[in-house]
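Build out the structure end to end from the sequences listed, making use of the hints.
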Amino acid sequence: EDQVTQSPEALRLQEGESSSLNCSYTVSGLRGLFWYRQDPGKGPEFLFTLYSAGEEKEKERLKATLTKKESFLHITAPKPEDSATYLCAVSDVAAGGTSYGKLTFGQGTILTVHP
Amino acid sequence: GAVVSQHPSWVICKSGTSVKIECRSLDFQATTMFWYRQFPKQSLMLMATSNEGSKATYEQGVEKDKFLINHASLTLSTLTVTSAHPEDSSFYICSATGDEQYFGPGTRLTVT
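Protein sequences, first through last, are from chains C and R.
Residue numbers for the first sequence follow the working numbering, beginning at 1 and rising by one.
Residue numbers for the second sequence follow the working numbering, beginning at 1001 and rising by one.
Among the hints, erroneous ones may be present.
Heads up, simulated DSSO-like pairs for lysine-lysine below, C-alpha to C-alpha not over 27 angstroms straight-line [what the hints assert, rightly or not]: (1) R/Lys1041 x C/Lys79; (2) C/Lys79 x C/Lys57; (3) R/Lys1066 x C/Lys42; (4) R/Lys1020 x C/Lys42; (5) R/Lys1041 x R/Lys1066; (6) R/Lys1055 x R/Lys1066; (7) C/Lys63 x R/Lys1041; (8) C/Lys42 x C/Lys79; (9) R/Lys1055 x R/Lys1020; (10) R/Lys1020 x R/Lys1066; (11) C/Lys63 x C/Lys42; (12) C/Lys79 x C/Lys63; (13) R/Lys1041 x R/Lys1064; (14) R/Lys1041 x C/Lys69; (15) R/Lys1041 x R/Lys1020; (16) C/Lys42 x R/Lys1014; (17) C/Lys42 x R/Lys1041; (18) R/Lys1064 x C/Lys42.
Some, not all, of what chain R presents toward chain C, calculated at C-beta under 7 angstroms [what the hints assert, rightly or not]: (19) Thr1032; (20) Ser1043; (21) Leu1044; (22) Ile1093; (23) Thr1097; (24) Asp1099; (25) Gln1101; (26) Phe1103; (27) Gly1104; (28) Pro1105; (29) Gly1106.
Think of the hints as simulated: they come from the structure by calculation, not from any bench.
For clarity, every value in this text was computed on a predicted model and none was experimentally measured.
All C-beta atoms, glycine included, are put in the ideal place defined by N, C-alpha and C.
Structure, rendered in structure tokens:
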């Protein structure tokens, strides 16, 4: 069974204070690892997909990295508008056929950035 | 990114009634759509996989007769919560797979 564990559960930062969120995963075969941002009362917003160990992707103040066991979402010089819940999810190669693309989510990290 | 819409955005219904939620991919065709449920302060839990032109695949523990899914076209999937009860109150989110998996804005269901 696929498992995704995110840490910390909650993170409070001062504006400009860089930090990282962790996502540890267990899958039989990784098809892809996904990062989403979710604001209260809204659906998840796509950020990144990573497919293989060593891959990195960047978008504005966010950078996602991937190893064979975990992924990190690095936030550089965060701003208050970066406050949200960040969700990590994995897709397993075993989920083929009609379940292709099925995602298993972690519990999320609630990020709060204070001005 | 691609756009996925849901309707309604919120609904209040009485216990015992049925509610239909629509999920549409607005600018791409989606052979597969997914339905998730999210309780307060919890993450998304997959309920079912909806495939155009075939029966939905339900996750373990999800009652297929209670949560009816229809994927009539490549841009529309519907979830009907039948004989709703207060414990069905939740945030229901759909997603559609294009070049990535995109999520709708969610539907808040409250059963009184």
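Outcome of the hint check:
no.: 1; hint: R/Lys1041 x C/Lys79; verdict: holds, 23 angstroms
no.: 2; hint: C/Lys79 x C/Lys57; verdict: holds, 20 angstroms
no.: 3; hint: R/Lys1066 x C/Lys42; verdict: holds, 25 angstroms
no.: 4; hint: R/Lys1020 x C/Lys42; verdict: holds, 19 angstroms
no.: 5; hint: R/Lys1041 x R/Lys1066; verdict: holds, 24 angstroms
no.: 6; hint: R/Lys1055 x R/Lys1066; verdict: holds, 15 angstroms
no.: 7; hint: C/Lys63 x R/Lys1041; verdict: holds, 25 angstroms
no.: 8; hint: C/Lys42 x C/Lys79; verdict: holds, 20 angstroms
no.: 9; hint: R/Lys1055 x R/Lys1020; verdict: holds, 17 angstroms
no.: 10; hint: R/Lys1020 x R/Lys1066; verdict: holds, 12 angstroms
no.: 11; hint: C/Lys63 x C/Lys42; verdict: holds, 23 angstroms
no.: 12; hint: C/Lys79 x C/Lys63; verdict: holds, 15 angstroms
no.: 13; hint: R/Lys1041 x R/Lys1064; verdict: holds, 25 angstroms
no.: 14; hint: R/Lys1041 x C/Lys69; verdict: holds, 26 angstroms
no.: 15; hint: R/Lys1041 x R/Lys1020; verdict: holds, 24 angstroms
no.: 16; hint: C/Lys42 x R/Lys1014; verdict: holds, 24 angstroms
no.: 17; hint: C/Lys42 x R/Lys1041; verdict: holds, 13 angstroms
no.: 18; hint: R/Lys1064 x C/Lys42; verdict: holds, 26 angstroms
no.: 19; hint: Thr1032; verdict: holds, 6 angstroms
no.: 20; hint: Ser1043; verdict: holds, 5 angstroms
no.: 21; hint: Leu1044; verdict: holds, 5 angstroms
no.: 22; hint: Ile1093; verdict: holds, 5 angstroms
no.: 23; hint: Thr1097; verdict: holds, 4 angstroms
no.: 24; hint: Asp1099; verdict: violated, 9 angstroms
no.: 25; hint: Gln1101; verdict: holds, 6 angstroms
no.: 26; hint: Phe1103; verdict: holds, 4 angstroms
no.: 27; hint: Gly1104; verdict: holds, 5 angstroms
no.: 28; hint: Pro1105; verdict: holds, 5 angstroms
no.: 29; hint: Gly1106; verdict: holds, 5 angstroms
Figure legend: structure checked against the earlier numbered hints; the only hint not met is number 24.
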